[in-house]
Amino acid sequence: MTDLPTSPFPALLVGLPILVATLSLFFRPRGKAVVGLMGCLLTGGLGLIALVEVMQQGTVIHILGGWDPPLGILLRMDSLAAVFIGMTAVVGVFISLYAWWFFRAREATNGGFPLFWPLWLFLWAGLNGLFLSNDLFNLFVTIEVIGMSAVALAVLSGKTAAQIAGLRYLLAAITGSMAYLFGVALIYGSTGTLDLGLLRQVLEPGATTTFALLVITLGLMIKMAGFPFHFWLPPAHSSALAPVSALLSALVVKGAFYILLRLWMEVFGVSITFSAGQLIGLAGAIAVIWGSWQAFMQTSLKLIVAHSSVAQLGYLLMIFPLLILAPGVAAGSADWLSPAWTAGVYQVMAHAFAKASFFLSAGIIIMALGHDHKGSLRDLASRMPMTVMAIGIAGVSLIGLPPSGGFFAKWMLLKGIFLSGQWWWAPVVLAGSFLTAGYVFMLLRLAFATAREKEPFRPVPKGLEVCALLLALGSFLIVLPAEYLIQFLESSEAFGSGIQSIMEGGTYGND
Amino acid sequence: MSVLIDLLLAILTVYLALQCLLAQRLSQSVFLFFAFGLALALAWVRLGAVDVAITEAAIAAGFMGVLFLDALRDFSPAVSENQEDLKAVQNPPSKNATKSLLLPRLALGLGLGLFLLIALEAVWKTPDGGGLTAAAVALLPESGVEHPVTAVLLNFRAYDTWLEIGVILLGLLAIYAAGGINLYRKPGVAAKDPLLRQVILFSTPVLFLFGAFLLYFGKTGPGGAFQAAVLWGAIGIMLHLGGWPVFAVLPRWLGQLILTLGLGFFLVLGFLFMARGDALFEYPPAYAGILILIVETLAAISIAAALTTIYANINQMQEEPKQNESTT
Numbered sequence: 141m142t143d144l145p146t147s148p149f150p151a152l153l154v155g156l157p158i159l160v161a162t163l164s165l166f167f168r169p170r171g172k173a174v175v176g177l178m179g180c181l182l183t184g185g186l187g188l189i190a191l192v193e194v195m196q197q198g199t200v201i202h203i204l205g206g207w208d209p210p211l212g213i214l215l216r217m218d219s220l221a222a223v224f225i226g227m228t229a230v231v232g233v234f235i236s237l238y239a240w241w242f243f244r245a246r247e248a249t250n251g252g253f254p255l256f257w258p259l260w261l262f263l264w265a266g267l268n269g270l271f272l273s274n275d276l277f278n279l280f281v282t283i284e285v286i287g288m289s290a291v292a293l294a295v296l297s298g299k300t301a302a303q304i305a306g307l308r309y310l311l312a313a314i315t316g317s318m319a320y321l322f323g324v325a326l327i328y329g330s331t332g333t334l335d336l337g338l339l340r341q342v343l344e345p346g347a348t349t350t351f352a353l354l355v356i357t358l359g360l361m362i363k364m365a366g367f368p369f370h371f372w373l374p375p376a377h378s379s380a381l382a383p384v385s386a387l388l389s390a391l392v393v394k395g396a397f398y399i400l401l402r403l404w405m406e407v408f409g410v411s412i413t414f415s416a417g418q419l420i421g422l423a424g425a426i427a428v429i430w431g432s433w434q435a436f437m438q439t440s441l442k443l444i445v446a447h448s449s450v451a452q453l454g455y456l457l458m459i460f461p462l463l464i465l466a467p468g469v470a471a472g473s474a475d476w477l478s479p480a481w482t483a484g485v486y487q488v489m490a491h492a493f494a495k496a497s498f499f500l501s502a503g504i505i506i507m508a509l510g511h512d513h514k515g516s517l518r519d520l521a522s523r524m525p526m527t528v529m530a531i532g533i534a535g536v537s538l539i540g541l542p543p544s545g546g547f548f549a550k551w552m553l554l555k556g557i558f559l560s561g562q563w564w565w566a567p568v569v570l571a572g573s574f575l576t577a578g579y580v581f582m583l584l585r586l587a588f589a590t591a592r593e594k595e596p597f598r599p600v601p602k603g604l605e606v607c608a609l610l611l612a613l614g615s616f617l618i619v620l621p622a623e624y625l626i627q628f629l630e631s632s633e634a635f636g637s638g639i640q641s642i643m644e645g646g647t648y649g650n651d
Numbered sequence: 031m032s033v034l035i036d037l038l039l040a041i042l043t044v045y046l047a048l049q050c051l052l053a054q055r056l057s058q059s060v061f062l063f064f065a066f067g068l069a070l071a072l073a074w075v076r077l078g079a080v081d082v083a084i085t086e087a088a089i090a091a092g093f094m095g096v097l098f099l100d101a102l103r104d105f106s107p108a109v110s111e112n113q114e115d116l117k118a119v120q121n122p123p124s125k126n127a128t129k130s131l132l133l134p135r136l137a138l139g140l141g142l143g144l145f146l147l148i149a150l151e152a153v154w155k156t157p158d159g160g161g162l163t164a165a166a167v168a169l170l171p172e173s174g175v176e177h178p179v180t181a182v183l184l185n186f187r188a189y190d191t192w193l194e195i196g197v198i199l200l201g202l203l204a205i206y207a208a209g210g211i212n213l214y215r216k217p218g219v220a221a222k223d224p225l226l227r228q229v230i231l232f233s234t235p236v237l238f239l240f241g242a243f244l245l246y247f248g249k250t251g252p253g254g255a256f257q258a259a260v261l262w263g264a265i266g267i268m269l270h271l272g273g274w275p276v277f278a279v280l281p282r283w284l285g286q287l288i289l290t291l292g293l294g295f296f297l298v299l300g301f302l303f304m305a306r307g308d309a310l311f312e313y314p315p316a317y318a319g320i321l322i323l324i325v326e327t328l329a330a331i332s333i334a335a336a337l338t339t340i341y342a343n344i345n346q347m348q349e350e351p352k353q354n355e356s357t358t
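Protein chains in written order, with the working numbering: chain A, 141 to 651; chain B, 31 to 358.
It is worth saying that the hints were derived from the structure and are not from the lab.
Using N, Cα and C, we set each Cβ at its ideal position, and we do this for glycine too.
Hints may be right or wrong, so weigh each one.
[As the list claims (entries may be wrong)] If the Cβ cut is set under 7 Å, some of the chain A residues that face chain B in the computed set are:
1) F166
2) I304
3) A347
The following block holds chain A by itself, in its conformation from the complex (with noise of 0.2 Å):
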């Protein structure tokens, strides 16, 4: 992998937002806005640039200290990381300037919460870093800076229920991390390599490594809220400030599915067996049913969002039963990869928009209405046409009706998979998209309802109806470049690909 073309991108991309956020300490609060919202455009710049050179020069790396792997650290940019960094910088990039004005807007009262801007650049570089990373270890550190500066988010309110829902994310985090890291030691103390590309080279099945495996997949599925471990998730998405919420739900999660998948395809192939698969598409599944009919049941709206992210989550891991291939099957003949990886990429990006906008505008009608219980959404539609047109088509999009991003992921998802014969999975999927449509037609409704009694209305910046409308419309746009993306996808390695499983069971699973 050490021949591959060099590029400072990788090193910049994770360098430049730390170095932002470590000057932008010096400044009062004002200040800090100003040069936050500066390094998060620069950051967002720097990441589509990145993209455009992957997409002009195929893979990039950037080998740290001029030390090769297995003792050095490896960044690597394939066209799966680019899409995940262009995805980070577009939506970063539209939460940035929602987050300037909403700042702005509440100074007056509360002095504008300055450390957003630090923790957030933090954050970014820790994403950008966990996209990149080719090192198990190093995957490890990037968990923790995310972790961190995630949790240091969601307490920013200063609230006490945040507090609590922070300190029960912190311990549901630590728990994963720890979990994670045991892993990490087994396969370093085995095999003595940490470098993905070596490890896949040298994994041999046996107790050791299924029961890495095993630690390994438990702590990222509790960092990615998966069921049964996503408990800790509506609390704490649902009690931070508007913008940190957008951010934890449409981007943090993501980071350790990317991880997962990337861990299950490209390096643990050889202790992964056909049940392991079904054991993870079955949490997916019960969590597509049970968010989305706890979103059903919520009455304040950031509840409904939040718990509509559990089920959302849930599509993601329902891809992993159809990449994992049964005994007998050969990759070649697996048509099915293709639309399931597809899906996979297009639910996350898909996701990310519309969760992002439907948070934000939850944020813009708390800010008008100094709360978000749903009886009060009532004659929305004609005071704030605009954030209601977002919810309608973030939630279009969440559905899964044409045209939008979502109904291109679930369509891609029931493709694959009618194409491997799990029909199984296919009634869940109808079942999640009919349960979302109940939650989201609910609050359409009632947004075009007549009010029964006038409640109080603070005006809201046009600026931040503009955001999350954009947002909402990016889960639509990304449809457009469908066809060349999943080309430019497929130069990625793993994109596409299948893995053999093993003949022989075990103790194996996610839970």
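For chain A, the structure is supplied; the task is to place chain B on it using the hints.
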């Protein structure tokens, strides 16, 4: 003989951990945690990892212990002032509640026990992969230092270490985020005990020199930035306790500079060499030794400052409500 020592140590460690969890009072738990940390440090020494042993003793038994004691001081009046709370703490829940909880507890215990057995089996069966020690030793002459651990931390895998320094700074930022308090508030009560102040004054230079020794010794043996940082951080905490809050008297910008210097200089140096066409964190072998020493020293100063500030701020978060009470 050594097997006997190891066996005793293993039993002692597990015993202390159990006692720590089962202790009736929080203060007992905290002191048992001290002892547990020290037993663990001894175990690391027996395993030949002196670096880890120093860190374990300093962070787990030392720094964490100080934070726990501080939390304990805050808990105790709250519990003893409110008699109902005390009863709730002392009296076990009613028999019905215990019965209904018995089954899930039993299931959880069995599940965890099974998991532990599988984990033990996996650890036991782990083949020896040899690790990267040989590769690190082979490249040692080019790294600028003579101790493989330092070479790995500050040169071969400097990226990980740099990010971890960032995590420590993030920990501090998280405390600010959670407490919503201003940077460097004036301290509360100063210690009045003259003897305590003399002891602190006397031990400050000793700790400083020992830290500096560990830092410099890291070039050739076990030691280095993190170990030195904890000792220097201890100086800051003791001075704070003695009524000399070092960071409160510094100008704001200087305090911030000290806190961010380790992370910032590390990165700026990396970017400088990257601008020359090298990779990030690539040092020319001729200057690697001196550059690593500078990076390590600044990192140690920043981490020590972060530890001191974390302690000082947690201390203030707890003093704040009390001050409010006394004024009203």
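Results for each hint:
1. Interface hint at F166/A: satisfied, since its Cβ lies 5 Å from the closest Cβ of chain B, which is below the 7 Å cut-off.
2. Proximity of I304/A to chain B is violated relative to the hint, the smallest CB-CB distance being about 11 Å (cut-off 7 Å).
3. Given the 7 Å rule on beta carbons, the hint for A347/A holds: about 5 Å separates it from the nearest Cβ of chain B.
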